[in-house]
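As you go down the protein sequences, you meet chains B and Z in turn.
Letter 24 of the first sequence, counting from 1, is numbered 24 in the numbering used here, and no numbers are missing.
Letter 46 of the second sequence, counting from 1, is numbered 46 in the numbering used here, and no numbers are missing.
No lab work stands behind these hints, which were simulated from the structure alone.
Quantities reported herein were computed from a predicted structural model and do not represent experimental measurements.
Among the clues, some could well be false.
What the hints assert, rightly or not - Here are some chain B residues the structure puts well away from chain Z; computed CB gaps all over 10 Å: (1) T7; (2) G16; (3) L21; (4) S31; (5) E48; (6) Q99.
Stated by the list, open to error - Which residues of chain Z face chain B? A partial, calculated answer using Cβ under 10 Å: (7) A16; (8) Q44; (9) L84; (10) T87; (11) K99.
Using N, Cα and C, we set each Cβ at its ideal position, and we do this for glycine too.
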Amino acid sequence: KAGVTQTPRYLIKTRGQQVTLSCSPISGHRSVSWYQQTPGQGLQFLFEYFSETQRNKGNFPGRFSGRQFSNSRSEMNVSTLELGDSALYLCASSLGLGQYFGPGTRLTVL
Amino acid sequence: AQTVTQSQPEMSVQEAETVTLSCTYDTSESNYYLFWYKQPPSRQMILVIRQEAYKQQNATENRFSVNFQKAAKSFSLKISDSQLGDTAMYFCALDQGGKLIFGQGTELSVKP
């Protein structure tokens, strides 16, 4: 089976812009979660989607949003980018006994 | 609040030796899952081993094994016969209903 894929792998944006990241889960996995990884804060949970519904949400401002489509693919959107949003954004899919991660999207905000 | 603590920011081990990484956690739940993930320099997070809290038997995956002490809320990872490819950041994680809570990580260097 193909693993979790994320696009794009690298992204450079300027403050105030918005960005959309995409994640395709492992075939058959209906749960998709998003995490932000930074040197200072480590790995932090953003949100989880299951069958197109947000099931869990982390402690991030409303500028961070997501959605899931009927084929389980998920997108994450960040509006009004800030310098502090520079991070590695990881997507993971799951069948229930462990989450399997994609390679991540490296977002740099200038 | 659920927390995961890894008290060893960095460790090193000689090739072929054994090393143990420590992790403690806090949760009020009685049933939960614990994981160790490996993140090599490529930044790809790889699931190493999982442990279900209701199982008393410690999980083992080839050279990787855990010492799960539920009452002490401790979950350490033992790597036997360390290999150069084991060099990576290792994260302990607690699964709370689909949300993973990660420790700060232990950077492991395997030296030839």
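Hints violated by the structure (numbers, ascending): 4, 5, 6, 7, 9, 10
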